[in-house]
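Visitor: One letter stands for each residue in the lines below.
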Amino acid sequence: MPAPHKAHRPLILSVFLLALLGLALLQSLSLPRWSTGFLAAQSARTLILTGSTDLNRMTSPPPEEEGNNLPLTRMGPGYASVNLGHVLTMLPFAGLGELAQSIFNHPQPDFIPLKFCSVSNLLFSALVPALLLALLLALGFTPRVSLATTALFSLATIFGAFALGSECSEALLAFALLASFYSLVRYSQNHRPGWLALSSVSALYLVSLKPYAPIFIIPLAVYLLLVSPPPWRRNWTDLAFLLLPSLVMSGVVFAFNYQRFGLIWGMFSPFELWGSGNIASGIYGLLLSPGAGLFLYSPVLLLSLLGLRRFFHLHRREAIFALLNLALLLVLFSPCWFWGGDFLWGSRYLLVAIAPLMVACAHLLKKVSRRAKYIALVAFLTIGLVVQIPSWFISLSAPSELIPSYPLLANYPECSPLALKWQALGVQLGKVFGKSAGVLEIYDWSRISRLGMEAFAGDQILRPFTLRVLVSPTAKIETMLAVSLVAVLLIIGVVFFALRIPGTIRKWGDNEKRGLEGR
Amino acid sequence: MNQGFHKPRLGLWLFIALLAFNLWAYDGGSGRGSDGYYVYLSALSVIEQGEMSVEESGYSESLGTTRTPQGVDGKLYPASGVGWVASLLPTLALGKLITLLPLATTKAAVTSFFAGLIMPLAGATLGFLLYAFLLRLGVGRGVSLLIAIAASLTTPLWEYSTSASYSEILLSLSLFASFYFLLRYRQSSELHWLFLSSAALGYSITIKFYSLILLIPLLIYLWLILPHPHKKRPLWLAIYLIPFLCGVFMVMTVNLLHFGAVFNTGYSLEVQTRSIPPLVGIFGLLLSPGAGLLFYFPASILATVGFVHLLRRHRAEAIFILTTAIVLVVFFGRLWYWSGDPCYGPRYILPLIPLAMIPIGPLLERLRKPTRITWVLIFSLLGLFAVLPGILLSWNFEERIIPAGGIKYYLPECSPIYTGWRTVALTATAGVGAEPQIVTYANGPWQLTIPPQPVGSFWYSPLYPESEVHPSVGKAMLAFGIIIPIIACLSMLTLVIRYRKAIGSNRHNRQHPAPKIDAP
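One line per chain: the protein sequences are A and B, in this order. The numbering of the first sequence is this note's numbering, which starts it at 1 and goes up by one. The numbering of the second sequence is this note's numbering, which starts it at 1 and goes up by one.
Next up, chain A with everything else stripped away, as it sits in the complex:
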């Protein structure tokens, strides 16, 4: 397998910057809301200020955020149910935020630190498309196909929603797994120990992010064994090199959890949760349901399905890694009652599996004719954008606030996050044109009042969809929409410009060569 050409480095860097710019524009440093992200940020702050993650030690306890309805303390004295990796990720940003707060002295002491914390998710998330592009180039795909696949992944899957919101750590998890996998791919190509070390560090970070994250070590280890050259003894050395740091980190995480909750797993034991739901319901829910179906919320994966065969033939080891990864997640989450992941946006537990599966999509794009490639790209980008747009503008946790019995209703098409967020967007756009929302009647079930819908929409759309850096938070919604429209057009323009970069680079190379030949 060819290693990515040096000329591709600017391309990878430009994709990273582009992703960062796009995410920053859309997210605009809004506060992390709802449980995990907010609590992780507060825990990081507390750790800096008091040397402990006990939130009760804060001189000014965190303000009661609306929607932040999970109890801060459940089992420990004042410990939030957050993971060590998530807190550590936010730690430097929280430190910088505290420093900035001491300089600017904002009347709300946690305002600036929390904004700084939300940057961490943004930064790591922007690395994911760049890593995917690097992976595809490393696997021998042309820059055009790689860029098209990366664009599809970034704009037409649920990744964007989780990269924008700081509510969950799934985007960080996706980054860590992809970084580890990419490093292993590079290691398989040149056998430099540096790549293995990088993979090991990424895996170490990975296991610190979620209590279930150690299972990702299995596909990584399998891949390493598959790609390692003989003799076998060296394989085991490599394997130990990959696994030992992760195991040590797992021990640290367990100790961290035990110290806080008296249970190594954190607040809940996985053995109690696994098997608490119906497996058929879980598999259907994770893959196809209107509430969180993988293929419904990331329709571009249908292309991956079609490209699987070719993927398996041409990159068998990578295909085994991607499929094993997905299978393990399905086995882990489908028998649990909470497979929906609170119905935030799509199957958030499967987000980690999407990026490796995009290689299959690249195989399909590579196989088809140029015209078909263009049609597929345009069609799936359009479908993907139609699906994703409301998730960019409406807070992830919105539907569960709106509907009380969400585990059931989110599986109903009308009450799914997709439908509700589009409704909310429609209501808000209607308000721009002076139209009030009607009663949302749910077939055979219940009604959501006009008032509730408007309040929900007005509240949700103004919070994350702020562009507060550019526009005043108190600006009218019309102004915000206009500015955001310009921003989105700008992003699309830059994406298309970026698509031309490889061609331009090639032309430069050709011109240079011609010049040399001429001399």
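By construction, these hints were calculated from the structure, which means they are not laboratory data. All C-beta atoms, glycine included, are put in the ideal place defined by N, C-alpha and C. Heads up, a few of these hints could be off.
Dumping the calculated BS3-like pairs for lysine-lysine here, alpha-carbon to alpha-carbon at most 30 Å [as the list claims (entries may be wrong)]:
#1 B:369 <-> A:366
#2 B:369 <-> A:367
#3 B:75 <-> B:107
#4 B:107 <-> B:96
#5 A:367 <-> A:6
#6 B:232 <-> B:369
Pairwise CB distance ranges (calculated) [unchecked claim]:
#7 A:375 <-> B:374: 26 to 36 Å
#8 B:249 <-> A:312: 56 to 66 Å
#9 A:378 <-> B:225: 25 to 35 Å
#10 A:382 <-> B:189: 41 to 51 Å
#11 B:219 <-> A:337: 28 to 38 Å
#12 A:386 <-> B:482: 56 to 66 Å
#13 B:429 <-> A:215: 34 to 44 Å
#14 B:308 <-> A:140: 21 to 31 Å
Computed, partial: chain B to chain A, Cβ under 10 Å [unchecked claim]:
#15 284
#16 287
#17 289
#18 294
#19 295
#20 407
#21 413
#22 485
Add chain B to chain A, keeping to what the hints say.
Guide: Below, chain B alone, put in the same frame as chain A:
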């Protein structure tokens, strides 16, 4: 191709085998829904009294459904079309003749049994037509046979071919026949095929008035295949519509006579016009575990992949299938009764299933034989898994005590496939008289009651020990109950043997072509 097709008579044996399998699983007209029941009464009334009106028998109250509508003359008429009533007449008349024999105690059961026989016949005919269609399309005999058998015995078509409750199998047959006749017209340019196609569609209108929507894809297909110049095409379309319009005229006349208005079919206005957000119905029809096409007809995945190949090789046919799918799904996806409950699977889009089997032909032809067999086996087993609960249990088994209305279709735990298998398992382990099983689902508050039910709502079910049946009828049923499975298996075996012979002779002919004789 024609010579090879006629000689081994594979089509005939296929028809016999499918008919035998359908008869084997036939419910004997025992489990009729309200529509099916009143149509049966109406057909009986036509034979006995010469009029279509029926007498209220309290059946609707026992079912908890609305009773059949009252006509302008104060009499009760079936809301379903006159075509369905007419379809029952030939076999019902045969049944009436048999009741003249001295079997006084079971006359009603015998007439009911014979009245519903049209459904197994229609199912077998549909399988045969699918086979013939694929041959006409240039698909090999082996693949065509495989597809026809798989369509007839591993999709919801089997369930509806064995039940007298619904008319969807007749609709599927008439739409497919109409399409097949148009293909014959395309290949031969003989006008009578055009006439037959239109007549078949006209027949479907007389069964259900909403079949009118199927005119759209047929007209598009006809427009694409007409060999005449563009200017003359509207004229040909008008000619094509004449037999169809006769059907429409007949339905309107009956509506006018019975209910006082040409468009009043007897169904309440609310039923016909109340709509829901299309997202609910369309998603439900295609992807919901309770009534979604994907779950009841897993081969739809193969059909979707094969569609690309069909589009390349047979563009007009592919466009017809696509437009039919869109028309059916969009039309029923907007109506609040999209699920067609109580029934098994996506009842209203049943006519789509034989059409969806067509793209699988060219797809399988491209594959090597072992791969082909593997795919057919996998999807047939999946299909059988989905269909068997519907075959084994009675038509309304999935009526459970579920608090929510439409949401049950979206919860896998409430899917008839899942609850059906649980019912079968419960009955097999605990017996018919056992306590209903309470299953908690959706993580808590809701419960599903699974009552044990006699497995097998077949025509020979009265032979169960606890039932009472006339001894001579019992003997006859027992005899048929043994003969029909034997016929089914033998005819399938004959089909395979004849197919292998036909393949062998073809190979022989290819290897040893007849010597050319020079002209003197």
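Visitor: Work down the list of hints and note, for each, if the structure agrees.
Guide: The hints, checked one at a time:
Under the criterion of a C-alpha separation no larger than 30 Å, the hint pairing residue 369 of chain B with residue 366 of chain A is consistent with the structure, at around 28 Å. For the proposed pair residue 369 of chain B and residue 367 of chain A, the alpha carbon gap of about 24 Å is at most 30 Å, so the pair holds. A threshold of 30 Å between alpha carbons decides the hint, and for residue 75 of chain B with residue 107 of chain B the separation of about 25 Å falls inside it, so the pair holds. Between residue 107 of chain B and residue 96 of chain B the alpha-carbon distance is near 8 Å, which keeps this suggested pair within the 30 Å criterion.
For the hint pairing residue 367 of chain A with residue 6 of chain A, the CA-to-CA distance comes to about 25 Å; that is within 30 Å, so the pair holds. Simply put, residue 232 of chain B and residue 369 of chain B have alpha-carbon atoms about 46 Å apart, too far for the 30 Å limit, and the pair is violated. The hinted range of 26 to 36 Å is satisfied by residue 375 of chain A and residue 374 of chain B, whose Cβ atoms lie roughly 31 Å apart. A beta carbon spacing of about 58 Å between residue 249 of chain B and residue 312 of chain A agrees with the range 56 to 66 Å that was offered as a hint.
Distance hint check for residue 378 of chain A and residue 225 of chain B: the Cβ-Cβ separation is about 31 Å, which falls inside the suggested range of 25 to 35 Å. Between residue 382 of chain A and residue 189 of chain B, the C-beta spacing of about 42 Å keeps the proposed range 41 to 51 Å intact. Take residue 219 of chain B and residue 337 of chain A: their Cβ atoms lie about 51 Å apart, and the range 28 to 38 Å is violated. Between residue 386 of chain A and residue 482 of chain B the beta carbons are some 59 Å apart, a value that agrees with the proposed interval 56 to 66 Å.
Range check, residue 429 of chain B to residue 215 of chain A: about 35 Å between beta-carbon atoms, so the 34 to 44 Å window is met. A beta carbon spacing of about 26 Å between residue 308 of chain B and residue 140 of chain A agrees with the range 21 to 31 Å that was offered as a hint. The restraint placing residue 284 of chain B at the interface with chain A holds, with a minimum CB-CB distance near 7 Å, inside the 10 Å limit. A distance limit of 10 Å between C-beta atoms decides the matter here; for residue 287 of chain B the minimum to chain A is near 6 Å, and the interface restraint holds.
Interface hint status for residue 289 of chain B: upheld, as the beta-carbon distance to the closest one in chain A is roughly 6 Å, under 10 Å. With its C-beta approaching chain A no nearer than about 8 Å, residue 294 of chain B sits inside the 10 Å limit, and its interface hint holds. Given the 10 Å rule on beta carbons, the hint for residue 295 of chain B holds: about 9 Å separates it from the nearest Cβ of chain A. Hint status for residue 407 of chain B: holds, given a least beta-carbon distance of 5 Å to chain A, under 10 Å.
Given the 10 Å rule on beta carbons, the hint for residue 413 of chain B holds: about 5 Å separates it from the nearest Cβ of chain A. Of the supplied interface hints, the one on residue 485 of chain B is violated, with its beta-carbon coming no nearer than about 32 Å to a beta-carbon of chain A, more than 10 Å.
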